[in-house]
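Participant: What follows is the residue order along each chain.
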Amino acid sequence: MSDAPPVETRGLVKRYGDIVAVDRVDLTVEHGDVFGYLGPNGAGKTTSLRIMLGLIRPSAGSARLFGRDPLIHGAKALEGVAGFVEAPRFYPYLSGRRNLRLLADYDEPVSRIRIDEVLETVELRDRAKDRVGGYSHGMRQRLGIAAALLRAPRLLLLDEPTTGLDPAGMRDMRELVRRLAAEGITILLSSHLLNEVEELCNRVAIIRRGAIVYQGELHELLARAATSYRLQALEPERALSVLLAQPGIGEVRLDGAALRFSADENAVAALTLALGQAQIAFSALIPETATLEELFLGMTDGESSDHDRPVALAV
Amino acid sequence: MTGAGGMPVEVRGLVKAYGPIRAVDHVDLTVEPGDIYGYLGPNGAGKTTTLRMLLGLIRRDGGSVALFGRDPARGIEALEHVAGFVESPTFYPYLSGRENLQLFGALDGGVDRTRVDEVLEQVELRNRARDRVGTYSLGMRQRLGIAAALLRDPKLLILDEPANGLDPAGIRDMRTLIANLPDRGVTVLYSSHLLAEVEEVCTRVAIVNDGRIAFEGQLDELRGSFGVSYRLETADDQAATTAARDLEVSIAVADGGLSLEADPSAIDRLTVELGRRGIAIRYLARQQRSLEDLFFQLTEEAS
Amino acid sequence: MTAVARVYRWEIAKLLAQKRTYLGLGTAIVVPIIFVLVLVLRSGGPNDVPLGRYIRDTGLAVPFVVLFFMSIWGLPLITALVAGDIVASESHNGTLKTILTRSRERGQVFAGKTLATATYTLVLVFAMGLVGLVAGSIAWGFHPLTSLSGTKVPAGHGVVLLLASLGVYTLPLAGIAAFGIFLSTVTRNSAAAVVGALMWALLMQLLGVLPGTESIRPYLLGTQFDAWHGFLRTPADWAPVIRAIWLCALYIALPLTGAYLVFLRRDVAGE
Numbered sequence: 035m036s037d038a039p040p041v042e043t044r045g046l047v048k049r050y051g052d053i054v055a056v057d058r059v060d061l062t063v064e065h066g067d068v069f070g071y072l073g074p075n076g077a078g079k080t081t082s083l084r085i086m087l088g089l090i091r092p093s094a095g096s097a098r099l100f101g102r103d104p105l106i107h108g109a110k111a112l113e114g115v116a117g118f119v120e121a122p123r124f125y126p127y128l129s130g131r132r133n134l135r136l137l138a139d140y141d142e143p144v145s146r147i148r149i150d151e152v153l154e155t156v157e158l159r160d161r162a163k164d165r166v167g168g169y170s171h172g173m174r175q176r177l178g179i180a181a182a183l184l185r186a187p188r189l190l191l192l193d194e195p196t197t198g199l200d201p202a203g204m205r206d207m208r209e210l211v212r213r214l215a216a217e218g219i220t221i222l223l224s225s226h227l228l229n230e231v232e233e234l235c236n237r238v239a240i241i242r243r244g245a246i247v248y249q250g251e252l253h254e255l256l257a258r259a260a261t262s263y264r265l266q267a268l269e270p271e272r273a274l275s276v277l278l279a280q281p282g283i284g285e286v287r288l289d290g291a292a293l294r295f296s297a298d299e300n301a302v303a304a305l306t307l308a309l310g311q312a313q314i315a316f317s318a319l320i321p322e323t324a325t326l327e328e329l330f331l332g333m334t335d336g337e338s339s340d341h342d343r344p345v346a347l348a349v
Numbered sequence: 107m108t109g110a111g112g113m114p115v116e117v118r119g120l121v122k123a124y125g126p127i128r129a130v131d132h133v134d135l136t137v138e139p140g141d142i143y144g145y146l147g148p149n150g151a152g153k154t155t156t157l158r159m160l161l162g163l164i165r166r167d168g169g170s171v172a173l174f175g176r177d178p179a180r181g182i183e184a185l186e187h188v189a190g191f192v193e194s195p196t197f198y199p200y201l202s203g204r205e206n207l208q209l210f211g212a213l214d215g216g217v218d219r220t221r222v223d224e225v226l227e228q229v230e231l232r233n234r235a236r237d238r239v240g241t242y243s244l245g246m247r248q249r250l251g252i253a254a255a256l257l258r259d260p261k262l263l264i265l266d267e268p269a270n271g272l273d274p275a276g277i278r279d280m281r282t283l284i285a286n287l288p289d290r291g292v293t294v295l296y297s298s299h300l301l302a303e304v305e306e307v308c309t310r311v312a313i314v315n316d317g318r319i320a321f322e323g324q325l326d327e328l329r330g331s332f333g334v335s336y337r338l339e340t341a342d343d344q345a346a347t348t349a350a351r352d353l354e355v356s357i358a359v360a361d362g363g364l365s366l367e368a369d370p371s372a373i374d375r376l377t378v379e380l381g382r383r384g385i386a387i388r389y390l391a392r393q394q395r396s397l398e399d400l401f402f403q404l405t406e407e408a409s
Numbered sequence: 023m024t025a026v027a028r029v030y031r032w033e034i035a036k037l038l039a040q041k042r043t044y045l046g047l048g049t050a051i052v053v054p055i056i057f058v059l060v061l062v063l064r065s066g067g068p069n070d071v072p073l074g075r076y077i078r079d080t081g082l083a084v085p086f087v088v089l090f091f092m093s094i095w096g097l098p099l100i101t102a103l104v105a106g107d108i109v110a111s112e113s114h115n116g117t118l119k120t121i122l123t124r125s126r127e128r129g130q131v132f133a134g135k136t137l138a139t140a141t142y143t144l145v146l147v148f149a150m151g152l153v154g155l156v157a158g159s160i161a162w163g164f165h166p167l168t169s170l171s172g173t174k175v176p177a178g179h180g181v182v183l184l185l186a187s188l189g190v191y192t193l194p195l196a197g198i199a200a201f202g203i204f205l206s207t208v209t210r211n212s213a214a215a216v217v218g219a220l221m222w223a224l225l226m227q228l229l230g231v232l233p234g235t236e237s238i239r240p241y242l243l244g245t246q247f248d249a250w251h252g253f254l255r256t257p258a259d260w261a262p263v264i265r266a267i268w269l270c271a272l273y274i275a276l277p278l279t280g281a282y283l284v285f286l287r288r289d290v291a292g293e
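Residue numbers (this note's numbering), protein chains in the order written: chain A, 35 to 349; chain B, 107 to 409; chain C, 23 to 293.
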C-alpha cells in the first residue's frame, strides 16, 4: 500500500445537475513531489481536493491516497494524510490549544504529544491560550498547518496556504514548505501566486473548466516557451549588424535601445565572442524565459469564474 | 491631475495612538500626481489605520493630512476628488451590481447612466451588472468596488489590498487596471502584501514598520541605496575572473556564477575584453535586489 | 477510551463552552426555584393542575407540578435549542471539514453527538426535578404525597416515583431531540432546525386535540408526554408507560437513522 502514489485520481467526475465541475480528472502525485495544483477560480480545483479528502462523493471515477479510497476505506484512507481545503476553520469559542487537543483526540494517540512542538513550529505558542474567534486570518492559517502537522503526515494537502498572510508570513510559510519537502513529505499545494509556485514546485497540474490541461514537470512547462534573449549594447546599430551576420541567431529586432533575438546556448556563446572581437561593448545579456503566469494564462485563456468571457481590459 | 491644489497626498508627522501603543508614529508620506504608490509593511504595522485616517474614517492624534491641499478631518469636501475603500468593499447583496452603483452615485449627488456603464465596462463587469451582488465572487466584488470608486471620477484612488483573494487572471486584470489609471489622470495609492506585484507596477513605495516609515521614495532609489552589482555567467568563470582582475574590476564568485561591483563603463570594457580573450558570455545583467529582499532587510533588521 | 468516547467527551466539552447550554440548563434549574419562591410569597396556587392543591403539604409535590408546567413547551424548547444546533453548528462554523478529515469515521462522530445530546436531555430533566425537590422540601418539608387517586404515598416511595416519572418523561423528550438532530443534519441551519423541531412538537399536539383523531391519539408523540402520570395512580397504571417505551423507541430510532444515513453520505462543500 505504501508504494502506491500519494495521490492518484482516475476518471474523476463530479456533476451538479447540468454542470460538470470535475471532468474526468486523472491526477498523479508522486512520492516527494511538491506538486502545484493550479487553476482559475471555479475551475474545479476545490471540488477535486474535497473529493480527495473524502468530503465530497464523486459522480464517477476514483481518488486514492496511498492506494486507499475514502469511499471504500473511510477515515483509514486519510492515514498519513493531512491538510486543509479553503481557509482552515476551528471552533471560535475554544482556544487554539484546545482546538488542537480536540483534533488530536480525533486522531490516533501519537498526536497529543506533538501539540507543543507544532505550536512552536508555526510560532503560535504565545497566542495558543486565546480563543480562535479572536485570531487573525494569518493566525488561523498557521493553526491549520499546526493541526495538519499533528498527524505527522506523509502527504500534505495545502489549499492557498499563503493567502492573506503578510510578506513575512508568506516567506515563513514557503520556508516551512521547503523544509517539510526536504524531510521527504509529499506536498500538494494549490496557489494563485504563481511566482511562489515557480519557486517551490517541481511538478504542476493546471485545471481549467473541470479538466486538466497540463500535468508534468514545471521546468518542462517553462521550456515550452521559446528562449529569447535581450542584449543591451553601447552601440545598438553596430551590434545589430553583427547579430544579423551571426549564424544561429534568429528573429532579430530592435526594441527601443535593446536588441531581441532567439538562439540556442551555443549560438549565443559564439555571438558574445564575435561582439568582443568587434570591440562592441554591452552591459546586459538576459535570457527571457516565459513566466509561469504567462503560460498559465495562455492555457486558461485568462479565464476565471469572475468573467463571462476572456479578458481584454478596456482601459 | 491635481485637484484643488497641492499634492494628491501630503502627510506630515501623522500619529495615531491606542493607549500607550503608537499604531502610527510620525509618518510622512508624499504621493505625487501620476504616481502608482505602493504602501507596504508587515501586518500590524499601521497601514490600514493610516489609510483610514486619509479617508477621514478615524481621527488622528497628531500631524497633518492634506489631499490636494485639503484636510479630510475638516470636512467632506476634502474627499471631493478622492475615492477608495479599506478592507473589502461592502455592497447590498440583494441589489444588482448596477443598482448598487446607482445607489452610491445617488449618495454622491447623482450620476448618469452612461457613467455607470462606462465604469462597469472599465472593470469588465458589464455582463454581470444585472445580477445580485450576493451572487458575485470575491474578485467580482473587488472590481465592483473599484467601479464604485471610479464612478466619482476621482483624481486619487486609495485601495487596501486590491488583489486580495483573486486568482491569477484576476490579479493580472487588477494589475492592468491599476497600471493604466495614471494615463486617465488618476493617481493611485494602495497597500499590498504581494511584493512581486508592487515591484512590477509601482513607481514609488513606502515601507512602514512598527508604525514608522522605514523607506519612502522611488523604487529605483531603494534598490540603488543598497549598491549596484552585476551578475555574470561565462563559459569559463576562472578565466573571466583573471580578465576582470587585470582590468581592475572587483569580482567575486556567487551562487554558480560571478558577481561584479563596477560602473557601466567598466562593464563595457570587460565584455569586450572577454570576447577578445575567447571567453563566451552566457548571462550578464545588473543585479536588482528584489523588493522582497529589501523589504525584509528594512522590516526585520530594525526590529 | 474508545473512539466514540473521545468524540463524546469533546462534544460535551463544546456544549459546556457555549452559552446556549447554560441558558437551557439555567432555565431548567431556575424555574422550580422561582416557582417555589412565588408560592412562598403569595397565597393561591396552581389548583387546577393535578397535585397542585397539595403543593404546600409537601415539597415532594413541587417537581411533579413543575414537570406538568414545563412538559409540553418548556423542556421541548430547551432540548430543541441544543439538538437543533449540534450538527448544524459545524456547518455554521465551517468546522465539519476540519473534524471529518482526521481519523474518525463519520458514524463515530455522529454517535458522539447523539450521545452528547442524550446526556444533555437527561441532565436537563433530572436537574429540574431534583432542584424542585430540594427547593420544595426546604419550603414545605419532605412529607408524604397525595397521589392522583387520592391515596397517600410515603415520602421515600414518592422519590422513587419521581425518578421513574422523570425517566419516562425523558423518552418522548428524546423523540423531540432526535427529530431536532435529524433537522440539524438535513437543513445545516441551526435556527431552522430548532424552529422545525418545535413546529413538529406543535403539530403533534394539534393532532392530539383535533376531533376525529381518537384512534391514532394514543400513538402520537404528544400523548407520550403524559405517560408518566401513570406512576401517580394507585395502583400504578403501567399501560401508558409500556406504550410510551416502545413508541418512543420508534420516535427516537427513525429520525436518528435518517440523520445517520444523511450524515454518512452527504457532500461537505462550502462548509
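These are computed hints drawn from the structure, not numbers from a lab. Where is the CB? At the ideal position from N, CA and C, for every residue including glycine. Be aware that one or more of the hints could be misleading.
Stated by the list, open to error - Simulated restraints on C-beta separations:
no.	chain 1	residue 1	chain 2	residue 2	range
1	C	K41	B	Q403	11 to 21 angstroms
2	A	D164	C	D289	31 to 41 angstroms
3	B	P126	A	A121	31 to 41 angstroms
4	B	E193	C	G189	30 to 40 angstroms
5	A	R208	B	R392	21 to 31 angstroms
Participant: Taking the hints in turn, state whether each one holds.
Facilitator: A quick look at each hint next to the structure:
1. A C-beta distance of roughly 48 angstroms is found between K41 (chain C) and Q403 (chain B), which places it outside the suggested range of 11 to 21 angstroms.
2. Between D164 (chain A) and D289 (chain C) the beta carbon distance is about 33 angstroms. The supplied range of 31 to 41 angstroms therefore holds.
3. The hinted window of 31 to 41 angstroms between P126 (chain B) and A121 (chain A) holds, with their beta carbons roughly 33 angstroms apart.
4. Under the hint 30 to 40 angstroms, the C-beta atoms of E193 (chain B) and G189 (chain C), about 55 angstroms apart, miss the expected range.
5. Between R208 (chain A) and R392 (chain B) the CB atoms are about 26 angstroms apart, so this pair conforms to the stated range of 21 to 31 angstroms.
Comparing the model with each earlier hint shows violations of hints 1 and 4; every other hint is respected.
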